Amino acid sequence: MTQHQASDDYEARLERTEDSPLKAAARWTAAIASAVIGDAEFEPSGTQVVVYSRTDDSKILSMRTSNLEEAERLIELVRRDLAELSPQDFLTEWGQAGETHQHQ
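All the letters of the sequence shown, read from the start, carry residue numbers 531 to 634 under our numbering.
Any given hint could turn out to be false.
What the hints assert, rightly or not - Listed next, with one range per pair, are the computed distances between beta-carbon atoms:
hint, residue 1, residue 2, range
1, 534, 599, 28 to 34 angstroms
2, 623, 543, 24 to 30 angstroms
3, 538, 599, 17 to 23 angstroms
4, 622, 584, 15 to 21 angstroms
5, 546, 606, 15 to 21 angstroms
Since the hints were made in silico from the structure, they are not lab data. Since the model is a prediction, treat every value here as computed from it, not as a measurement. Even for Gly, the Cβ is constructed at its ideal location relative to N, Cα and C.
Please take these sequences and the hints and turn them into a complete structure.
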């Protein structure tokens, strides 16, 4: 008998963050400052990894990242755990069902 995997119930997606005008301005300022010193730590638009329920497309959790590279690494980890863990173990590892969390 095969184990029920979290990927049967959930899927992870990369999404742009919706920042308020003040947060967007701060993100642009940080991106410009990072570029000036030769660091690509921040990008002008944010990215987040969001896990949705396959049943009703509700948001299970979201994790903001500072740049696309970080988001790509994070989504690989999340997708690996979705494929390897049971739904309960996934939620225990990454957050609680029905709540939106930020992993930093």
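These are the hints, each one checked on the structure:
1. For the hinted restraint 28 to 34 angstroms between residue 534 and residue 599, the CB-CB distance of approximately 32 angstroms keeps it satisfied.
2. At roughly 18 angstroms, the beta carbons of residue 623 and residue 543 sit outside the given window of 24 to 30 angstroms.
3. A hinted range of 17 to 23 angstroms is violated for the C-beta pair residue 538 and residue 599, which are about 29 angstroms apart.
4. For the hinted restraint 15 to 21 angstroms between residue 622 and residue 584, the CB-CB distance of approximately 19 angstroms keeps it satisfied.
5. With their beta carbons about 19 angstroms apart, residue 546 and residue 606 fall inside the hinted range of 15 to 21 angstroms.
This entry does not satisfy hints 2, 3, going by the numbered hints stated previously.
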